[in-house]
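Model the full assembly from the supplied sequences, consistent with the hints where possible.
Numbering (the working numbering), first residue to last: 6 to 575.
Any given hint could be a false lead.
What the hints assert, rightly or not - What follows is a list of derived Cβ distance ranges for each label pair:
hint, residue 1, residue 2, range
1, Ser557, Gly311, 45 to 51 Å
2, Gly289, Gln265, 21 to 27 Å
3, Arg299, Asp393, 48 to 54 Å
Simulated from the structure, these hints should not be mistaken for laboratory data. Ideal placement from N, C-alpha and C gives every residue a C-beta, glycine not left out.
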Amino acid sequence: MDTGLQQMLDQHSARELLRLVVVGSVDDGKSTLIGRLLYECDGLFEDQISAVRKASAKRAAAAAAVPSQVLAQGLKAAAGADEEELDFSLFTDGLRAEREQGITIDVAYRYLSTPRRKVIVADTPGHIQYTRNMATGASTADAAVILVDARLGVLPQTRRHAYIASLLGIPYLAVVVNKMDLTGFDRDAFERIGTELVDFAHALGFEGVRLFPVSASRGDNITRPSARTPWHEGGTLLAWLESLPHQRRQDDAPFRFPVQYVLRPHQDYRGLAGQIASGTVRVGDEIQVHPSGRRTRVAGIDTFDGPLEEAASPASVTLRLADEVDASRGDMLAHVAQPPLSLHQLDAMLVWFGEQPLDCSRRYLVKQASRTAPAHIERVLWRKELADLSEQPAESLSLNDIGRVRVVCRRPLLTDTYRDNRRTGAFIVIDALTHDTVGAGMVLGPVEDSARGDVAASLVTQPERRGRLGQPGAIVLLPATPDAGSRAFQLERRLFDLGWHVATAPGDVEVALALAAAGLVALVHSDTPQTRRALREEARDAGAAWLELEASEDLEQHLGQILTLREAAR
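This is the structure:
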């Protein structure tokens, strides 16, 4: 390889990575600002610029309702268009619906380089109905730029985006008052808006806040100081991005490896595949599988490009373990000295995205890392009032509300607090019926309330129940056959006649777990793969005795399999 080219590549790879999110209310100029940054930092190809010139000419001609021959002349002259004639928002709004409506709908990621940094910029939508997309784009950011239209001032959606950015742990914020050219670069308007939003941002706890008067369409104070704002001494937005301190990356945090898949291509190979959420792992490290607590060592780290001696976040790898320990999707590997939290009940902040209000009596699914658990929101502690940041009593959350909640999961979440680990401390809430994503949450920690009676552990131990009842509590899953329901009732009758404490739980995971915890044998039948899989996972997590019957038409064979439970417990 050419020495000069290699040197250029080495310099590029040595630049620090900065993840930036641009937020704000609708039509505040977010896409235009990013397009301007890309244009002035040479982050665009010539064909992109040419295409946007033509599209800008088309849009300008359509807006002026000019005759078609004039439009043709405009397209012909587009190649020599001045940069101020470009519609910079078209560099980021890639969806047809976005270009037609002149709005941003989905998150768009763009890449640019500065002398010091590689920057990944997330352009997020401002419309209130796309708040979930904004939260997605901001979830990995190191810094945020929040735009305010100089004519309109601070809007409710502006405050909402700033608050969500603070919840997501973004430490640095640039307040950009855009469209200053439309106010004649009015210093008083700028300072009034800036003071209001900077005070709001400081109240939210941002580490650093800077203020910039800009015109994204004209380029004022973005990469070059503007002669139209001689009273502004805060430099340019690009200089601020260059000056931000280096961010602590996830590879500095404790090792967390959520298992996504178990690879078993042949009998001589078994590996756990997934993406390292945080930290570093090396061959020979002693690790612990959660929630089982079993310990083992890393025997090998495999990738598509070959084996490694060491891997760090965010690498996707397959770990081979020294022992045949039980681990499957949803489990988490961690170093023995730095285990994750294992929480059935957690205190969390929740941003609600659902069209229907949060219903505390309804069942939801909580997905955190690779683990999914049935759950319900036990209680809404308060709802944040964005106008004054007060905490208002609430029994529910509506669309785009933000509040503090208590979540109760049937399976423990293997997590960290969001403050300590953004990758493992975040979760989403899914409607169990529609499978729509209805909320995004950040784990604050375990529920701390000693007055809650249902948190206390039972004073009756499982060995005491087994001794009193003469049998172990267990879950028995029948084969998924058309006559499984009638077979369950036949087995219930026979076992009851033999003196067993037994009950049927047709397809109800929660009831089956409760029966087994009380010392009964729960006979479960379901032909739904999701229910059968959930039952296997939750029984394993709960440590319940488990038996899955083999397919057979012989009732006596099934009865004999169940009777072995009592023998095994002795």
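Hint check results:
{"no.": "1", "hint": "Ser557 <-> Gly311: 45 to 51 Å", "in the structure": "holds (47 Å)"}
{"no.": "2", "hint": "Gly289 <-> Gln265: 21 to 27 Å", "in the structure": "holds (23 Å)"}
{"no.": "3", "hint": "Arg299 <-> Asp393: 48 to 54 Å", "in the structure": "holds (50 Å)"}
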